[in-house]
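Note that the protein sequences, when read in sequence, are chains V and B.
Heads up: the first sequence begins at 1 in my numbering, then just goes up one per residue.
Heads up: the second sequence begins at 1 in my numbering, then just goes up one per residue.
Just so you know, the hints here were simulated from the structure itself, not pulled from any lab data.
Keep in mind that the hints are not guaranteed to be accurate.
[To be verified] Straight-line C-alpha distance at most 30 Å; calculated DSBU-like pairs for lysine-lysine: (1) V:Lys102 to B:Lys67; (2) B:Lys44 to B:Lys19; (3) V:Lys102 to V:Lys42; (4) B:Lys41 to V:Lys42; (5) B:Lys40 to B:Lys19; (6) B:Lys44 to V:Lys68; (7) V:Lys57 to B:Lys36; (8) B:Lys36 to B:Lys71; (9) V:Lys42 to B:Lys52; (10) B:Lys19 to V:Lys42; (11) V:Lys102 to B:Lys9; (12) V:Lys42 to V:Lys63; (13) V:Lys102 to V:Lys79; (14) B:Lys36 to V:Lys102; (15) B:Lys9 to B:Lys52; (16) V:Lys59 to V:Lys102; (17) V:Lys68 to V:Lys102; (18) B:Lys41 to V:Lys69; (19) V:Lys59 to B:Lys36; (20) B:Lys9 to B:Lys22; (21) B:Lys40 to V:Lys59; (22) B:Lys44 to V:Lys63; (23) B:Lys71 to B:Lys52; (24) V:Lys69 to B:Lys40; (25) B:Lys71 to B:Lys19; (26) B:Lys22 to V:Lys102; (27) B:Lys40 to V:Lys57; (28) V:Lys42 to V:Lys57; (29) B:Lys41 to V:Lys63; (30) V:Lys63 to B:Lys36; (31) B:Lys36 to B:Lys9; (32) B:Lys36 to V:Lys68; (33) V:Lys42 to V:Lys79; (34) V:Lys42 to B:Lys44.
[As the list claims (entries may be wrong)] These stretches of chain V come out as covered by chain B in the derived footprint (C-beta under 8 Å, 3 or more residues): (35) 27-35; (36) 40-53.
Each residue gets a CB set at the ideal place from its N, CA and C atoms; glycine is no exception.
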Amino acid sequence: EDQVTQSPEALRLQEGESSSLNCSYTVSGLRGLFWYRQDPGKGPEFLFTLYSAGEEKEKERLKATLTKKESFLHITAPKPEDSATYLCAVLYSGNTPLVFGKGTRLSVIA
Amino acid sequence: DTAVSQTPKYLVTQMGNDKSIKCEQNLGHDTMYWYKQDSKKFLKIMFSYNNKELIINETVPNRFSPKSPDKAHLNLHINSLELGDSAVYFCASSQDASGNEQFFGPGTRLTVL
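Let's have the full structure, built from the sequences with the hints guiding it.
Right under this line is the structure:
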């Protein structure tokens, strides 16, 4: 069973059309939830860390929120340069490694 | 002023060969990682080293052997390469072993023929 599930797998938006990406996790004992952006042919680039339910972080057109079971990455008025794969990763309690979801591939069309 | 660098960027080789990928970070971090990203873009941890000591060793064939000569370097040696080893391998580093914010290298695309 996947511990981290991201939806949708792919999302196509018109420029300026706001939307949200979802990341849900199934195991308790969350130490942190991370959002990364990955461009084709490059390594993931860190965006946000969220530690507790109710926490929010913002960066330009992106806003990440966290509840007890899921996180949302809201994209407001996206631009074509926001096109990328967005990865969610979860760190659980104990000496466990970061567990990544399979990502949401976002395409923003001008 | 590259933070995490990997060499080579591309590696094409025959089945059965032995190859190495090198990684270096100039961030002064204590912890380094190797990840494998398969054709479906799924990113999975392979190894983690903290201050040159192995702390995470996921279910990876013995043909994969990481080596950390110092805190700034973590190399990956692969013996007897198989077709299924074809993937993109990413090196990453973080301040400490808590797993927080990780900085990734550009990746090494390994193709086994």
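The hints, checked one at a time:
1. Proximity of Lys102 of chain V to Lys67 of chain B is assessed by CA-CA distance (about 28 Å); at most 30 Å being required, the pair is judged to hold.
2. Distance check on the hinted pair: Lys44 of chain B and Lys19 of chain B sit about 20 Å apart at the alpha-carbon level, within 30 Å; holds.
3. For the hint linking Lys102 of chain V to Lys42 of chain V, the alpha-carbon distance of about 16 Å falls within 30 Å, and the restraint holds.
4. A distance of roughly 12 Å separates the Cα atoms of Lys41 of chain B and Lys42 of chain V; the hinted pair therefore holds under the 30 Å criterion.
5. With a CA separation close to 23 Å, the supplied pair Lys40 of chain B and Lys19 of chain B stays within the 30 Å bound.
6. This hinted pair checks out: Lys44 of chain B and Lys68 of chain V have alpha carbons roughly 24 Å apart, not beyond 30 Å.
7. This hinted pair checks out: Lys57 of chain V and Lys36 of chain B have alpha carbons roughly 28 Å apart, not beyond 30 Å.
8. At roughly 21 Å between alpha-carbon atoms, Lys36 of chain B and Lys71 of chain B fall within 30 Å of each other, so this suggested pair holds.
9. Taking the CA atoms of Lys42 of chain V and Lys52 of chain B, the gap is near 26 Å; set against the 30 Å cutoff, the hint holds.
10. Proposed proximity of Lys19 of chain B and Lys42 of chain V is supported: the alpha carbons are some 22 Å apart, at most 30 Å.
11. For the suggested pair Lys102 of chain V and Lys9 of chain B, the alpha carbons sit about 23 Å apart, so the restraint of at most 30 Å is met.
12. Between Lys42 of chain V and Lys63 of chain V the alpha-carbon distance is near 23 Å, which keeps this suggested pair within the 30 Å criterion.
13. For the given pair, Lys102 of chain V sits about 23 Å from Lys79 of chain V by alpha-carbon distance, which is consistent with the 30 Å threshold.
14. Straight-line distance between C-alpha atoms of Lys36 of chain B and Lys102 of chain V comes to about 13 Å, which keeps the hinted pair within the 30 Å bound.
15. Straight-line distance between C-alpha atoms of Lys9 of chain B and Lys52 of chain B comes to about 24 Å, which keeps the hinted pair within the 30 Å bound.
16. As the CA atoms of Lys59 of chain V and Lys102 of chain V are separated by approximately 22 Å, the hinted pair is consistent with the 30 Å bound.
17. At most 30 Å may separate the alpha-carbon atoms for a hinted pair to count; Lys68 of chain V and Lys102 of chain V meet this at roughly 20 Å.
18. Only pairs whose Cα atoms come within 30 Å are accepted, and Lys41 of chain B paired with Lys69 of chain V is accepted, the gap being roughly 24 Å.
19. The hinted pair formed by Lys59 of chain V and Lys36 of chain B meets the criterion: a straight-line CA distance of about 28 Å does not exceed 30 Å.
20. A hinted pair counts as satisfied when its Cα atoms are at most 30 Å apart, and Lys9 of chain B with Lys22 of chain B qualifies at roughly 10 Å.
21. Between Lys40 of chain B and Lys59 of chain V the alpha-carbon distance is near 28 Å, which keeps this suggested pair within the 30 Å criterion.
22. With a C-alpha separation of about 25 Å, the suggested pair Lys44 of chain B and Lys63 of chain V falls inside the 30 Å cut-off, and the hint holds.
23. Proximity of Lys71 of chain B to Lys52 of chain B is assessed by CA-CA distance (about 6 Å); at most 30 Å being required, the pair is judged to hold.
24. At most 30 Å may separate the alpha-carbon atoms for a hinted pair to count; Lys69 of chain V and Lys40 of chain B meet this at roughly 25 Å.
25. The hinted pair formed by Lys71 of chain B and Lys19 of chain B meets the criterion: a straight-line CA distance of about 22 Å does not exceed 30 Å.
26. The suggested pairing of Lys22 of chain B with Lys102 of chain V holds, with an alpha-carbon distance near 26 Å, which does not exceed 30 Å.
27. A C-alpha spacing of about 29 Å is found between Lys40 of chain B and Lys57 of chain V, which places the hinted pair at or below 30 Å, so the restraint holds.
28. About 24 Å separates the Cα atoms of Lys42 of chain V and Lys57 of chain V, which keeps this hinted pair within 30 Å; it holds.
29. For the given pair, Lys41 of chain B sits about 24 Å from Lys63 of chain V by alpha-carbon distance, which is consistent with the 30 Å threshold.
30. For the hint pairing Lys63 of chain V with Lys36 of chain B, the CA-to-CA distance comes to about 28 Å; that is within 30 Å, so the pair holds.
31. A distance of roughly 14 Å separates the Cα atoms of Lys36 of chain B and Lys9 of chain B; the hinted pair therefore holds under the 30 Å criterion.
32. Between the alpha carbons of Lys36 of chain B and Lys68 of chain V the distance comes to roughly 29 Å, so the proposed pair stays at or under 30 Å and holds.
33. Between Lys42 of chain V and Lys79 of chain V, the direct Cα distance comes to roughly 20 Å. Compliance with the 30 Å bound is thereby established for this hinted pair.
34. With a C-alpha separation of about 16 Å, the suggested pair Lys42 of chain V and Lys44 of chain B falls inside the 30 Å cut-off, and the hint holds.
35. Coverage of the segment 27-35 of chain V by chain B holds. Counting CB-CB distances below 8 Å, 3 residues qualify, and the rule asks for three or more.
36. Only residues whose C-beta sits within less than 8 Å of a C-beta in chain B count toward coverage, and the segment 40-53 of chain V has 7 of them, enough to reach three; the restraint holds.
In the structure shown, no violation is registered for any of the earlier numbered hints.
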